[in-house]
Amino acid sequence: GDSVTQMEGPVTLSEEAFLTINCTYTATGYPSLFWYVQYPGEGLQLLLKATKADDKGSNKGFEATYRKETTSFHLEKGSVQVSDSAVYFCALSAGGTSYGKLTFGQGTILTVHP
Amino acid sequence: DGGITQSPKYLFRKEGQNVTLSCEQNLNHDAMYWYRQDPGQGLRLIYYSQIVNDFQKGDIAEGYSVSREKKESFPLTVTSAQKNPTAFYLCASSIDGDRTGYTFGSGTRLTVV
Chain A
1 GDSVTQMEGP VTLSEEAFLT INCTYTATGY PSLFWYVQYP GEGLQLLLKA
51 TKADDKGSNK GFEATYRKET TSFHLEKGSV QVSDSAVYFC ALSAGGTSYG
101 KLTFGQGTIL TVHP
Chain B
115 DGGITQSPKY LFRKEGQNVT LSCEQNLNHD AMYWYRQDPG QGLRLIYYSQ
165 IVNDFQKGDI AEGYSVSREK KESFPLTVTS AQKNPTAFYL CASSIDGDRT
215 GYTFGSGTRL TVV
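Protein chains in written order, with our numbering: chain A, 1 to 114; chain B, 115 to 227.
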């Protein structure tokens, strides 16, 4: 079945450091890929998405590129801020009989210190 | 503004009781979903509905029930058959999950006392 694997966390960085959170996936066909962010005590917010190979999603300084050859969708940001501290989820939607259903990774906790 | 409203934010249940979590959306989305979130386990799909009066079981439906009598509403009942109901419950909706992703509510934290 479909699955998403995120890098083990938690991740702790200093402000202005470079961020990478790895995400790899297993799916049949051509899934759409997403990154969501969850702040403490809240629901998830869509951060960025990519719907086909080589697409780059970007938002609020975060970027991720859909790499079909390596089945990856790694999240990057060049300079993190304290306000970026949150839990980040990678997810895929495989379409077909799974239409509209998202499969999530386990989440990566990011803490940014001043 | 359009969005998804979940209520209550916190809910306490005694053992053996059924409780119902509310989820209402005014986004005119056809599809709605319920997920359960436990620490370190990500999100697991409980039930989903792609159209009014129709719904399907997700990966962990045992001990839960839903209804979809109106497009705007998708309540989740946690029954006494659910052996470990303490968790954070998230409701979501989408117009086209494959391409646009979901809009999530702010969640309900259920605790068994």
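Derived by calculation from the structure, the hints in this document are not laboratory data.
Any given hint might turn out to be false.
As the list claims (entries may be wrong) - Lysine to any residue pairs mimicking SDA-like chemistry, simulated, CA-CA at most 25 Å apart:
#: 1; chain 1: B; residue 1: 123; chain 2: A; residue 2: 39
#: 2; chain 1: B; residue 1: 123; chain 2: A; residue 2: 45
#: 3; chain 1: B; residue 1: 123; chain 2: A; residue 2: 3
#: 4; chain 1: A; residue 1: 52; chain 2: B; residue 2: 143
#: 5; chain 1: B; residue 1: 123; chain 2: A; residue 2: 109
#: 6; chain 1: B; residue 1: 171; chain 2: A; residue 2: 26
#: 7; chain 1: A; residue 1: 68; chain 2: B; residue 2: 138
#: 8; chain 1: A; residue 1: 68; chain 2: B; residue 2: 164
#: 9; chain 1: A; residue 1: 77; chain 2: B; residue 2: 217
#: 10; chain 1: A; residue 1: 56; chain 2: B; residue 2: 217
#: 11; chain 1: A; residue 1: 52; chain 2: B; residue 2: 197
#: 12; chain 1: B; residue 1: 123; chain 2: A; residue 2: 84
#: 13; chain 1: A; residue 1: 77; chain 2: A; residue 2: 29
#: 14; chain 1: B; residue 1: 123; chain 2: A; residue 2: 85
#: 15; chain 1: A; residue 1: 52; chain 2: A; residue 2: 72
#: 16; chain 1: A; residue 1: 52; chain 2: B; residue 2: 144
#: 17; chain 1: B; residue 1: 123; chain 2: A; residue 2: 40
#: 18; chain 1: A; residue 1: 52; chain 2: B; residue 2: 214
#: 19; chain 1: A; residue 1: 60; chain 2: B; residue 2: 144
#: 20; chain 1: B; residue 1: 171; chain 2: A; residue 2: 60
#: 21; chain 1: B; residue 1: 185; chain 2: A; residue 2: 46
#: 22; chain 1: B; residue 1: 185; chain 2: A; residue 2: 42
#: 23; chain 1: A; residue 1: 60; chain 2: B; residue 2: 116
#: 24; chain 1: B; residue 1: 123; chain 2: A; residue 2: 46
#: 25; chain 1: A; residue 1: 68; chain 2: B; residue 2: 171
#: 26; chain 1: B; residue 1: 171; chain 2: A; residue 2: 27
#: 27; chain 1: A; residue 1: 56; chain 2: B; residue 2: 171
#: 28; chain 1: B; residue 1: 171; chain 2: B; residue 2: 138
#: 29; chain 1: A; residue 1: 68; chain 2: B; residue 2: 185
#: 30; chain 1: B; residue 1: 197; chain 2: A; residue 2: 41
#: 31; chain 1: A; residue 1: 77; chain 2: B; residue 2: 154
#: 32; chain 1: B; residue 1: 171; chain 2: A; residue 2: 109
#: 33; chain 1: B; residue 1: 123; chain 2: A; residue 2: 106
#: 34; chain 1: B; residue 1: 171; chain 2: A; residue 2: 52
#: 35; chain 1: A; residue 1: 52; chain 2: B; residue 2: 217
#: 36; chain 1: B; residue 1: 185; chain 2: A; residue 2: 70
#: 37; chain 1: A; residue 1: 77; chain 2: B; residue 2: 156
These are the hints, each one checked on the structure:
| no. | hint | verdict |
| --- | --- | --- |
| 1 | B:123 x A:39 | holds (15 Å) |
| 2 | B:123 x A:45 | holds (17 Å) |
| 3 | B:123 x A:3 | violated (30 Å) |
| 4 | A:52 x B:143 | holds (24 Å) |
| 5 | B:123 x A:109 | holds (22 Å) |
| 6 | B:171 x A:26 | holds (22 Å) |
| 7 | A:68 x B:138 | violated (37 Å) |
| 8 | A:68 x B:164 | violated (29 Å) |
| 9 | A:77 x B:217 | holds (23 Å) |
| 10 | A:56 x B:217 | holds (21 Å) |
| 11 | A:52 x B:197 | violated (41 Å) |
| 12 | B:123 x A:84 | holds (24 Å) |
| 13 | A:77 x A:29 | violated (29 Å) |
| 14 | B:123 x A:85 | holds (22 Å) |
| 15 | A:52 x A:72 | holds (12 Å) |
| 16 | A:52 x B:144 | holds (24 Å) |
| 17 | B:123 x A:40 | holds (13 Å) |
| 18 | A:52 x B:214 | holds (13 Å) |
| 19 | A:60 x B:144 | violated (29 Å) |
| 20 | B:171 x A:60 | violated (35 Å) |
| 21 | B:185 x A:46 | holds (22 Å) |
| 22 | B:185 x A:42 | holds (24 Å) |
| 23 | A:60 x B:116 | holds (22 Å) |
| 24 | B:123 x A:46 | holds (21 Å) |
| 25 | A:68 x B:171 | violated (30 Å) |
| 26 | B:171 x A:27 | holds (20 Å) |
| 27 | A:56 x B:171 | violated (33 Å) |
| 28 | B:171 x B:138 | holds (20 Å) |
| 29 | A:68 x B:185 | violated (36 Å) |
| 30 | B:197 x A:41 | holds (24 Å) |
| 31 | A:77 x B:154 | holds (23 Å) |
| 32 | B:171 x A:109 | violated (29 Å) |
| 33 | B:123 x A:106 | holds (23 Å) |
| 34 | B:171 x A:52 | violated (28 Å) |
| 35 | A:52 x B:217 | holds (21 Å) |
| 36 | B:185 x A:70 | violated (40 Å) |
| 37 | A:77 x B:156 | holds (22 Å) |
Checked against the numbered hints above, the structure violates hints 3, 7, 8, 11, 13, 19, 20, 25, 27, 29, 32, 34 and 36; every other hint is satisfied.
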